[in-house]
Structure formats: structure tokens, C-alpha cells
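Number of protein chains: 2
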Amino acid sequence: MRYSTHICERFQHGAEILGKRWTGLIVMLLLPGPRRFGELAAELEVVSDRVISERLKELEREGIVERRVYPETPVRIEYALTEKGAALAPVINALQAWSERWVDAVPLTEGK
Amino acid sequence: MRYSTHICERFQHGAEILGKRWTGLIVMLLLPGPRRFGELAAELEVVSDRVISERLKELEREGIVERRVYPETPVRIEYALTEKGAALAPVINALQAWSERWVDAVPLTEGK
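Which chain is which? The protein sequence lines are P and Y, in order. In the working numbering, each residue carries its 1-based index in the first sequence increased by 174. In the working numbering, each residue carries its 1-based index in the second sequence increased by 174.
Next comes chain P alone, as it looks inside the complex (with noise of 0.2 Å):
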């Protein structure tokens, strides 16, 4: 990148962290607040336990999203968004709306 390095690569990262598949759909369903796994997975019946668990691990590293545990019985256990992560909430609105005026459907499926 020339003129504007860090500009690039930033962007680049945040693309990325959010194109990669499910992830953006995954902070989109947190935005609400709180949830627990078994309501992400309902929500995202198409992809396995394994790959949604991958993914928080991933949005957890990345710091935007975090795992609370109530230590209640039996244990809670919820996923929340980060100020980091909540500050998305542009982002994501901005892409749903134009995803919904331009995107054509197309079934999803688990894919890689």
C-alpha cells in the first residue's frame, strides 16, 4: 500500500474478521444481547456445534466477543459483546441493509 498503509491493512483485518464464514452472523445475532450457546445454535442450524464453538473461540481472541460464566446450578453460560464488538453494530446494520436490497438468496450451507 502506498499512501495509506496502515489504513489498508487494518481494514483488511476487520474485512476479514467479519467475511470469514459465520462470524459476521454471529455478532449480527449478539447485537440483541447476551446469548447462550444452545440459542446461537438454534439460531444457526445449518453450521455444527464444532464450527459455532471455533468461532466464538476465534471472536473471543479477537476480542469482541466474551464468555461470561454465572456459576449458578446448574452453570450459565452466555456470550456477550465486547465494546470492541458491540461497536460493530454499524457495520453490521450498514452490510444487512445492502446485502438485503442487493444480495439474491441463496441457500447456505455449512460449507468450509
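These are calculated hints, taken from the structure and not from any lab test. These numbers come from a predicted model, not from an experiment. Hints are supplied without guarantee of correctness; some may be wrong.
[To be verified] Simulated DEER-style distance windows between Cβ atoms:
1) P:K258 - Y:K231: 33 to 39 Å
2) P:E232 - Y:R275: 17 to 23 Å
3) P:V225 - Y:V243: 51 to 57 Å
Ideal Cβ placement from N, Cα and C applies to all residues, glycine included.
With chain P's structure known, arrange chain Y on it following the hints.
Relative to the frame of chain P, chain Y by itself:
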């Protein structure tokens, strides 16, 4: 997907278009106006011409970029955003703002 099947499908597809390595950046570079191949290549200097060319073809297939050929001597070829492509501006701008605020700079390499 349960309650929001077609929203999820379209969103996922839209996120993957932008998230594919270099695609979002190419759209960002075209937002101010049409560019020639050589101008794009100069900005994306870590990316090979072959990869830039592939990405431009994919964006053409998605209806996001159009290739304009002006029959001058020598022939002038420009890449421009279509209406669908220009409609990505709010997404790109929101993602750029988020990335600048929240993503640490990491050096870019061509990658896959």
C-alpha cells in the same frame, strides 16, 4: 437459520464478498471514482497483478465493478463501481472507522 433465513443467507454472502482477501480494499479504492488497473496495482503494491485481476473479475461477476473500455489510441480501460458497488459506501466507511479505532496494525502480506 430459523426466523430470519433469507436475511442470514444474504448477509452471509455480502460479508464473504467483502471479507475475501483484497476485495473490500479494491472497492474502497474505487469509491472516489474509476481507476485504471495500473493505479490500483500501485496502491496494492504487495498484491500481484494476477491476484488483483482475479479479484476484479470476481467483482464484475458480482455486479459490483464494471470494466469500461474506451476505444482510444492506446485503448484506455478503467474499473468503476456499479450502482450496486457504490451502494457499499456506508459499509466500507463504517468498517474503516471501526478498523481504525479497534484493530491493531499488522503488516500485510499477499497471503492466499
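Hints versus structure:
no.	hint	in the structure
1	P:K258 - Y:K231: 33 to 39 Å	34 Å, holds
2	P:E232 - Y:R275: 17 to 23 Å	20 Å, holds
3	P:V225 - Y:V243: 51 to 57 Å	43 Å, violated
Against the hints set out earlier in the document, a violation occurs for number 3 only.
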